[in-house]
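Starting from the known structure of chain A, fit chain B onto it as the hints suggest.
In order, the protein sequence lines correspond to chains A and B.
Going by my numbering, 206 is the number at position 81 of the first sequence; the sequence numbering is gapless.
Going by my numbering, 195 is the number at position 70 of the second sequence; the sequence numbering is gapless.
It is possible that part of the hints are untrue.
Note that the list lumps identical chains together, so a pair holds whenever it fits in one copy or between two copies.
Below, a list of computed lysine to any residue pairs in the SDA-like style, where the Cα atoms sit at most 20 Å apart [as the list claims (entries may be wrong)]:
#	residue 1	residue 2
1	K131	Y200
2	K127	E160
3	K177	E160
4	K182	L155
5	K127	E146
6	K166	H140
7	K177	M135
8	K131	L155
9	K137	R190
10	K127	H140
11	K131	T147
12	K166	I204
13	K166	E133
14	K127	T196
15	K131	R153
16	K182	R205
17	K177	R201
18	K166	N194
19	K182	A151
20	K131	V164
Since the hints were made in silico from the structure, they are not lab data.
Number of protein chains: 2
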Amino acid sequence: MKFNVKIEVMLKPGHSDPEGETTARALRELNYPIESVSVSKVYMVVLEAGSKAEAEKMADGMCRRLLANPTKDDYRFEIRETR
Amino acid sequence: MKFNVKIEVMLKPGHSDPEGETTARALRELNYPIESVSVSKVYMVVLEAGSKAEAEKMADGMCRRLLANPTKDDYRFEIRETR
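If we strip away everything but chain A, and leave its shape as in the complex, we get:
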């Protein structure tokens, strides 16, 4: 079976987010009343797995082993079977 896995990797609370701060400053210079901006990354992954449970296990492993840095990142994912 084929699954779409949407993985979002974001900074843990309290970690400095220079890209978000730069974006906030640029938006304020365009006169938008911005309080804050934080930036995260989304990976849309298409993979083969025998079941949704197996796809979940793979997604968690991919985050821990490659996509998220455990020191500074949190992650979450959603999985749905493709048709």
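Structure of chain B alone, referenced to chain A:
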């Protein structure tokens, strides 16, 4: 009123996504059965606006003027009032 605006900026279909391709290759080297990976960016913006309609208008303007490149990016956003 204060609003949380979640803006996602992704490549238009057909545009080359070198970061996604590199990620797919790295995951395959870890033996994950990956078909494809595409990468997008999420901006969590907190801003002041008089109404949800005004916040939507600002979010659309921010995407067109700064966050998305009209040549290669699509964008979408969700808005909710903060409590």
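Hints versus structure:
no.	hint	in the structure
1	K131 to Y200	both (11 Å within a copy, 16 Å between copies)
2	K127 to E160	between (41 Å within a copy, 9 Å between copies)
3	K177 to E160	between (39 Å within a copy, 16 Å between copies)
4	K182 to L155	between (44 Å within a copy, 14 Å between copies)
5	K127 to E146	between (38 Å within a copy, 18 Å between copies)
6	K166 to H140	both (15 Å within a copy, 18 Å between copies)
7	K177 to M135	neither (24 Å within a copy, 26 Å between copies)
8	K131 to L155	between (32 Å within a copy, 19 Å between copies)
9	K137 to R190	within (17 Å within a copy, 29 Å between copies)
10	K127 to H140	neither (35 Å within a copy, 23 Å between copies)
11	K131 to T147	between (26 Å within a copy, 17 Å between copies)
12	K166 to I204	both (16 Å within a copy, 19 Å between copies)
13	K166 to E133	both (6 Å within a copy, 9 Å between copies)
14	K127 to T196	neither (31 Å within a copy, 31 Å between copies)
15	K131 to R153	between (31 Å within a copy, 17 Å between copies)
16	K182 to R205	within (14 Å within a copy, 32 Å between copies)
17	K177 to R201	within (16 Å within a copy, 27 Å between copies)
18	K166 to N194	both (12 Å within a copy, 17 Å between copies)
19	K182 to A151	between (40 Å within a copy, 18 Å between copies)
20	K131 to V164	both (16 Å within a copy, 10 Å between copies)
Consistency note: the structure conflicts with the earlier hints numbered 7, 10, 14.
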